[in-house]
Amino acid sequence: MINIFSSRNVGKLALFYSVCFLLGCSKKSNTNFSTTKYELDSFKESIEEVENLDNKIVDDSLRLSLLSKLSLKFLYADSTVFRYTNYKTIALSDQLGDSKILANAYWDLAYFYSNYSYLDSAYASYYKAYQNFRSIDDDYHSGKMMLNMAISQEKARDYIGSENSSFNALNFLPDHKIKDVYAVYNNLAIIYNGLDDFDSAIIYHKKAIDLAKQVGDQSLILNSLNNISVVYIENGFNTKALKYIEEALKTEDIKDNDTRLYAMILDNYSYAQFKQGNTEDFLKYSLEALRIRDSIGHKAGVMANKIRLAEYYLFKGDSTNAQLNLKTALSLAEDEKNSKYELEVLLKLQKIIKNQEYLDKYIALNDKLIREERSIRSKFARIRYETDAYIQKNKNLNERNIYLTIAALSLLALVSVIFFFQRQRIRLKEAQMQNRLKDSNEQVLSLLLDQQKKVELAEIKERQRISRDLHDGILSRLFGTRMALGFLIRQEPNSNAKNHVEELQAIEKDIRNLSHNLISTNFDSNDGIEKLIKKLIQDFNDHSDINFDLEISKEVKFNNLESSIKISIYYILQESLQNVRKHSLASYCVIKFTKELPNLKLIVEDDGIGFDAKTPKQGIGLKNLHYRINNFKGSMYIESDESGTKITYTIPI
Amino acid sequence: MTSVNVLIVEDHPLIVESYKQGFEIVSKKQSIYFNIEIAHNLDDAIAVIDNHSYMNTCDLIFLDIQLPIGLNQKILSGEDLGLVLRKKYPKAKIGVITSLNDNYRLRTLIKNIDPEAVLIKNDLTPEELISAIQSIITRPPYYTSTVLNLLRKEISKDVHIDEIDRKLLYELSIGTKMVELPAILLLSKAGVEKRKRNLKVLLEVDDLSDRELILNAKQRGFL
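Protein chains in written order, with this note's numbering: chain A, 1 to 653; chain B, 1001 to 1223.
Please keep in mind that the hints were generated in silico from the structure rather than gathered at the bench. On a predicted model such as this, the values are computed, not experimentally measured, just so you know. The reader is advised that the hints may include incorrect statements.
Quick list of in silico lysine-lysine cross-link-like pairs, DSS-like style, CA-CA up to 27 Å [claimed, not checked]:
(1) B:Lys1111 - B:Lys1091
(2) A:Lys498 - B:Lys1028
(3) A:Lys509 - A:Lys461
(4) A:Lys557 - B:Lys1218
(5) A:Lys454 - B:Lys1167
(6) A:Lys531 - A:Lys633
One chain only, chain B, in its complex shape (with noise of 0.2 Å):
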């Protein structure tokens, strides 16, 4: 009988508890032991982190993006974490488990942390959390159906833009203003029109306003 150690990063009980039930299944179908470890916040999880000699033997980590802010203040969500994990204990394998069903954030996500599996809230059921935890621990990795859809989309693509151009169709999308992206994309004003002005040709917008671009971007799949 192999023994599996695994750390949960989880906020709600309910679903910990839907995570455990599904490692009871797989524990007893393949007779495999977990030994189940639980962080229901951020603070816990870091602290979890640090305990190297137990962090050594933690073979899986169920991630959760969305977390409520704890007292560190570099680390600020479940992706953060996730990133750290991947730099300190690149052995360990990782499971992200968020209700995130953009492209673009999912393809930041996966393009950083690259993770063993990655799941959709929305996607999961108790048949997909059992098929997951099976395929991470024998035959990773494991996406569930949207972030394939969004890999399909991503690899048949004919248009590719770069990151930048990228996080821009996103800041828009969620309605930032124009005076605020020239902060955040680190690029002068002239620069961010520069680009949309590109992003409009490239992606044959002919309108002057924003949301035939954002609702081009989101049928091609960048958003």
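Okay, chain A solo, but in the shape it has when bound (with noise of 0.2 Å):
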């Protein structure tokens, strides 16, 4: 029972070092960096070499790059250049925040950890690769770096954590790397197997089986047989674990390819064959065997030989030779520091020799042993609980990212909601500024108009008053005093004095026509916005240095238009007058007024400097003509260069 416990070992031991060997090469592929200057090959393995690259190279992605391939280089050669290289790669990664080397840093330091049976430290360094490799989403290498998680984990006895990773693991590997999936089956059989769920190990050990001959991997195949002739044997099915035995011994060039395996299945199909009862022939395996193994140095295979050829020995009655083989075996687990086989020779001695000394050595050795595992276990949690709550702290960071972006989000949108409302509102406001001032304006021009009339007025009264002056006071005194002039010269017929009479007579007609011309011109009088019109252009030619010119021609008539047209007419001839006088640069300005029926046209004409007419930054001024132009459903239209620009407004009457 013991023995089969301890060949199990030794094929976990010898299937996790071809593992090994696999992840190391698929490595190598992965980290193919683009070439540098600098010779791998050449380069001295040495801490001052190592030390020197940050004075050579300057380049921080450069360097990273090459220190990336010498912890890889060094990593099978020497442990202290690597581990300086290694803790520089992975100082400098981090700086610069590059994901994928780092991770193969701690890839490069986990096997290194592994090699040397720190399982903890391997199992964190495996950790800390995979998060890496997470976070650059590569989903094939965290399953890798979980599987070896599981393996590290597996080699500690923690069999449920190593369950776990596997699945993991088994998530994250794509189908078609059916090797790394291999991997995992095999580790799962060999944890069911520890947990002794002897159904599901076999399980796990046929579907490794299967994708191993899927592959075609020769080795991977005899590996599984033989892991699983030893499920078989532990489990006392020596007849299957024969089976399987005979299949891997009939592959070709098995003894040459790999000399340890075949060592580890000949062990076996001796072992099963005796405890078939068929024991004849296990001598002869055995020895074999533990020829090969002591001849390759296989010091793991050679104690557990010599355990089997123990148990063999007291089967037979040769209770001399068996201790002797249990003592070699027991100094070799001493020297080699193997526990679980010196606790195995340590019982089977005590059974034999029943020794007070080796039970006490056994028992403190299992404590020991208990206790170690119990820490390492305890070392797993402790790393798988800074795991977790390492992701609790990214999912509430996560969260709070989320709530935050939320957040900064509606915020965003109330702002953009604020201003969309205020922006709304300002255009409202300058849209009720415009119309006041449009108002306003008009107001103004009304209230121009009705002065114009008001004096007008005045003008009218005035004259009628003068008129009747005229008519009433002076006429009439006229009239008297030439009737008595002219009955005092009736009485001297021959004077002259009878022309002067008739000359007052006529200075009388003159008056009299005078005065009632003073009234009657006022029937052409008009409601005064061509004469504002003229004023207008008199102030202009007043305050500038450019020579206004109007002309209206005699078919415009301004008092038949609407009030409204009238104001607008002035309102757009002050606007564009304007214009010429600030922006024109302009010497002279004709202003035309003429009828085409059923329009009027309103021409502005200057010879100044010109604007851009299509492209126009256009100021309030030109956007209110287009309003008060549109107004009345009239139009505008600008032509301009260099020699002048020409404004014809059409305006509907």
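Mind docking these for me? Both chains are given alone in their own frames, and the hints should help you get the complex.
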């Protein structure tokens, strides 16, 4: 029973190494960075050389790439230089935030630890590598790291944790990476065996064998065949075990290709035969296996072999030989610090010799082992806990980030809405102001027109007064005087004063006509818009160097226009002339009013510098002009070049 | 020797003197005695008119149209006075003396008062005045040349327009605003516009403005 247990360990050990070798290979191909001018091979393995790198290569990323390669190179060589290089690689890649190189560096470190059986450190490093691969969404390598973690846990007999990690690894590993999936199944099978779940162990071993055959990898097939046979032997199904072992032994060149595995299979074969009661060939095969293991220095194998030999000798009643083998195994185990074999050997020796000393040793060692296992398990637990805490922290951070993002977005939306409404309000206000401006402009103009009317009315009244004065007063007095004179000179007919009296009569007539005309011209008067326009032109002429000229064609009758149009015309003219005065730098400007039924046309033409009419940075003035002209469905046409500007307003009347 | 009672309504003393001289000359020529009464303003004139015993013997009234306005609020001019006189004392002969020379006013004046003489001041000379006095006594009426010209035009006219049209033209000619016209003519605004349009068609005026209309009406003697 104990022998079987030990041989499982041997098989497991063999498997572990083969997996590690496999991982190392794939890692090499993965770290295929661009070539640098530094020849890796010529690089000397010394800390000083690595230290010098800092001065030689200033570029951080270039140096990091080189460091990463050196780290891998030294992994299989000098451990001190490796640790130093690896440390530098981790520090630099962490600083530069290069997750890929960082992950690879942790992988190197983890591999290094597991080579030296520092399971907890290996586990932690694999875990860090795993985290970094996760962060760059590298599922394949994440899975691989998870697998390595599972193997580390299995080695520390943390079966439950290892099972967990294995299934995690399966989730990450893509289906086509069969060798890695195979390794997971193999690990799971070993775990279930360790948990005494025989059926599950067999199922996974069979799955592993299927996969190995699928790939056609001879050594993987042999490994699995060996492993499954160990499980069968352990559970007493020696016939089934023999079936698998015989299948393995049929493989060609097995002896030359993997002697260690061959020795293992041979050992298992002989033991299974022996357990079935077929003791004839046992010694032959077992000693052959021992010889091979001795020659290749496979000490764990030698120990397992010797324990089984002792069992055989005991079975044959040769207790001396049994004791001899066990004692050799014990000293070997003590030398190798292989506690598991040491335990087994102590237990067996105690059974044979009944020596209290062996029992005490056994108990002490067993306690120590249990303590160690417990401590390493708690270490895994701690790493896991730290992991969980880290993930929880990340999750919390993520949640916080999400909340922050939501808050920021809603704040932004709120601000946008407020901004939008504010803008609408400003626009509304602007429109209101414009309307008010328009209204007040119109008020001013209508006041102007009113004023003009009043002035005219006063003028008319004044004319009427003068007319009446002339007519009723002066004319009557003149008439009376003339009549009196007439009667006076009547008595002297020869006097030529008569001519003067006739002249007086003519003067009377002139005054009467004058008086009459004073009022009768009034019927030609108007609302005063024409006068206002003339006055506007006069004002512009008086207050600028530009010569403004007004031409109003005969047909244009401002009187007949609606007052709103009058006001608009006045406003448009004022705005246009202001533009001419402010911007045109013209010396001459002509304003023409013509009538082309059904429109009134106003042309303002200057000889100034012109402006770009197509892409005008429309000022409020030009906008207002458009607004006004659109108000009564008129149109506005601008022609402008360096020699001047001509604006034609068409106003329907 | 016949005796004629004469009332002169005239505010200018100088003109009154001229009248007196005129009557004196006629008196000498035809041995008629003129008993002349003078009213210098409207109030005086109204007082005289109310004196029935005198007015029943009054044969001839010389009336100035343009007189300063007095206290009476109904009788504002010589024209109003003339209307009252014609109504109250139809037998009395009325001679109107005025400086008016526009056709419309003269026409309405003649039409309403129907005076025995219409003397336009500008036409008047001492000789004219003497002739007028002689004519009005013996064989009225007497019109000075301006009035005669008006009547001639009136008769020879081929276009006839009614009183309201004439008034409309007159008001336009003195510069009355369109907005004031409905109140003056007792018409709606649309009515005024319609009459104006009809007048333009009648007088063959194409122009939209009133100026052409007025000038045309003047030429045709409506104003």
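Checked hints:
no.	hint	verdict
1	B:Lys1111 - B:Lys1091	17 Å, holds
2	A:Lys498 - B:Lys1028	23 Å, holds
3	A:Lys509 - A:Lys461	23 Å, holds
4	A:Lys557 - B:Lys1218	23 Å, holds
5	A:Lys454 - B:Lys1167	25 Å, holds
6	A:Lys531 - A:Lys633	26 Å, holds
In summary, this structure violates none of the numbered hints.
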